[in-house]
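Enquirer: Heads up: the sequence lines are chains A and B, in that order.
Just so we're aligned, residue 1 is where the first sequence starts under the UniProt record's numbering, counting upward by one.
Just so we're aligned, residue 1 is where the second sequence starts under the UniProt record's numbering, counting upward by one.
Simulated from the structure, these hints should not be mistaken for lab results.
These numbers come from a predicted model, not from an experiment.
A couple of the hints might just be wrong.
Computed list of chain B residues with no C-beta within reach of chain A, every gap over 12 Å [what the hints assert, rightly or not]:
| no. | residue |
| --- | --- |
| 1 | 62 |
| 2 | 65 |
| 3 | 73 |
| 4 | 83 |
| 5 | 152 |
| 6 | 200 |
| 7 | 217 |
Quick look at which bits of chain A chain B covers, simulated, 3 or more residues with Cβ under 8 Å [claimed, not checked]:
| no. | segment |
| --- | --- |
| 8 | 28 to 40 |
| 9 | 266 to 274 |
Just so you know, even glycine gets a beta-carbon here, dropped at the ideal spot from N, CA and C.
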Amino acid sequence: MTESRSRTFYVLSAIFALYVLFLYGPTITILVLSFQGPSGGMTFPMNGVSLHWFHNLWAGIGVPNVVDALVNSLKLGIVVTIITVVISILAGYAFRRRFRGQDTLFFTAIASLILPSIVVSLGIALEFQLFNQTITGFGDSLVDNYVDIENPTGWTNFLGFIGTSIQDNFQTLMGLFSSGLGAHLTWTLPFGLLIMFAVFNRFNPAYEEAARDLGASPWQTFRFVVLPMILPSLVGVALFGFTLSWDEIARSSQAVGSANTLPLTLRGLTTTVTTPVIYALGTVTTAVSFAVIGTAIATLLIVQARRRRHGSDAGRGV
Amino acid sequence: MLDVKSRWTPYWQAAPLAFVFFVFFVLPLAITFMVSFWTYTGYSITPAFVADNYVTAFDKCFASLPDLCTTFRTYLSTLKFCLMVWLITLVLGFTIAYYLVFEIKSPTTRIVLALLTTIPFWTSNVIRMISWIPLLGRNGLINQALMNAGITSQPVDWLLYSSFSVTLSLVHINTVFMIVPILNSMSRIDKSLIEAAYDNGAGAWQTIWNVIIPLSKTGIAIGSIFVITVVMGDFISIGLMGGQQIASAGKVIETQITALQFPIAAANAIVLLAVVLMIVWTLLRFVDIRKEL
Chain A
1 MTESRSRTFY VLSAIFALYV LFLYGPTITI LVLSFQGPSG GMTFPMNGVS LHWFHNLWAG
61 IGVPNVVDAL VNSLKLGIVV TIITVVISIL AGYAFRRRFR GQDTLFFTAI ASLILPSIVV
121 SLGIALEFQL FNQTITGFGD SLVDNYVDIE NPTGWTNFLG FIGTSIQDNF QTLMGLFSSG
181 LGAHLTWTLP FGLLIMFAVF NRFNPAYEEA ARDLGASPWQ TFRFVVLPMI LPSLVGVALF
241 GFTLSWDEIA RSSQAVGSAN TLPLTLRGLT TTVTTPVIYA LGTVTTAVSF AVIGTAIATL
301 LIVQARRRRH GSDAGRGV
Chain B
1 MLDVKSRWTP YWQAAPLAFV FFVFFVLPLA ITFMVSFWTY TGYSITPAFV ADNYVTAFDK
61 CFASLPDLCT TFRTYLSTLK FCLMVWLITL VLGFTIAYYL VFEIKSPTTR IVLALLTTIP
121 FWTSNVIRMI SWIPLLGRNG LINQALMNAG ITSQPVDWLL YSSFSVTLSL VHINTVFMIV
181 PILNSMSRID KSLIEAAYDN GAGAWQTIWN VIIPLSKTGI AIGSIFVITV VMGDFISIGL
241 MGGQQIASAG KVIETQITAL QFPIAAANAI VLLAVVLMIV WTLLRFVDIR KEL
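Take these sequences, add in the hints, and give me the full structure.
Expert: In structure tokens, the structure reads:
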């Protein structure tokens, strides 16, 4: 190549390197600072190296409910991942054929991806508040109409009992696995759907026809032909499902009820905690993310290697 | 294909997706629109049909023109962040996509480098914001370096909890949304077109301007839609990196929710939604997104 082209290459390489430094530098800084000595502060210099702040974190000192938040986020992330994968596969199949309303459904998914999260979050919060008001109102009206009335019957007693039960026990439908789960799915499903689109746009139906011709049932075709072929993409969907849920904050902010997720707790801590314990929490959170990303990439590499070994018997005279 | 049963298959397969979007996206938006006309007391919201909330949202906005009311100033400041972040992420994202597509010859290296730029997208945004604190704070690394070098005698204050740190953090988090779609468009460009441009005597800049940019238009539009809509609705980065002192359209809504003024928050949410939809609609005129799929 010409000389000016190679100069471009070096300039752009330098820009790329700086961008990568910009991307990772700050995170590496807090990873290092989370090993700060017991008397160290929020910034450099390091005052010795210790696991003090991780012990501190584990003991929950100054960080109430942080372990709860971590467990909440893990559980929610796993549920979101499973649901995202299953719904995305089904929807991916559906979109291979024509059906009424498919454009509307597709644009709804895109809209869910790009409309402001605060609006979605507020909408879900309002929706559940209306649900709650409806249920409470229903309970109150049952109590008004059927408790302490003249001529009670078994039926009115039963309705009155339901009314008092609602009054005594019902607080809210809002929660991690109702409104919170829904809020996360509006964020993860569009990504899952787009990945499935990319998969099935490149998928050759001849494989399924061959399986059918050889007598496979629809389930067998899926299980033994389609699934192994699309597995790497499903790992991708799962990766998006978990990491997006694990890190989600904007849509969760109004929609998880009284339980807190880890990002919400972290955000709260930035204003109250002034010790490196927050960096320790950051390190733990990032470690979980990297473990998931690493597992996904490793799975992909293993699948690829297996394919190279077992995939084709062409030319082997089998 | 011929049996009657299979006609319904796509419907039940799409049903779970449709259900989730209906219950957690379409219905909430409809309810937000409805509640924006309701009234409220301290602890509950009551059905009504009043325009009070919109009047409150635009309190004295039109009477006091040309002076800007709080709402207009908030939107103007949010739009300014949008424009800044959009320009920076566009130039940065385009440059990086260009480097990966046209300067890196080995496909494996390209995949590894592209992955390197996307991995942080899968880690926590809040942590990526917090991680600027030890660098930009009053006693942070940058101030230490500046003072050691004798450039300033006192720590620079505007590095953290300022418009600067908000912009920096938004660029930090959102450049990936530019890189990926532009990379996708660019890698579909037939390399022989570039050679043809060079053979016809076009310089590097001419080739970029007349060949590569027009052919990357879709990616640029998709990336722009992503970045602009994210920044328009942002309240997390602006809150955290602005030290809760900088207003934004999204933050106004958050504040009103905290104050339990749900109908007013809903009215503001509808206004924000309208503004975002207008921007997206404008951007979509430049490109047919469905061609990309």
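Enquirer: Find the nearest Cβ of chain A to the Cβ of residue 152 of chain B and say whether that gap is larger than 12 Å.
Expert: holds, 17 Å
Enquirer: Report holds or violated for chain B covering the segment 28 to 40 of chain A, Cβ cut-off 8 Å, minimum 3 residues.
Expert: Holds: 3 residues of the segment 28 to 40 of chain A have a Cβ under 8 Å from chain B.
Enquirer: Would residue 200 of chain B pass as off the interface with chain A, using Cβ distances and a cut of 12 Å?
Expert: Since the minimum Cβ distance to chain A is about 16 Å, residue 200 of chain B lies beyond 12 Å and the statement holds.
Enquirer: Does residue 65 of chain B really sit off the interface, with its C-beta more than 12 Å from all C-beta atoms of chain A?
Expert: holds, 26 Å
Enquirer: Is the nearest Cβ of chain A still more than 12 Å from the Cβ of residue 217 of chain B?
Expert: holds, 18 Å
Enquirer: Was residue 62 of chain B rightly flagged as not at the interface, with every chain A Cβ beyond 12 Å?
Expert: Per Cβ check, residue 62 of chain B is outside 12 Å of chain A; nearest 24 Å; holds.
Enquirer: May I ask you to check that residue 73 of chain B keeps its beta-carbon over 12 Å from the closest beta-carbon of chain A?
Expert: holds, 19 Å
Enquirer: Count residues of the segment 266 to 274 of chain A with a Cβ under 8 Å from any Cβ of chain B, then say if the count reaches three.
Expert: holds (count 4)
Enquirer: Does the claim that residue 83 of chain B lies outside the interface with chain A hold up, using a Cβ gap greater than 12 Å?
Expert: For residue 83 of chain B, whose nearest Cβ neighbour in chain A is about 17 Å away, the distance exceeds 12 Å, so it holds.
Checked against the numbered hints above, the structure breaks none of them.
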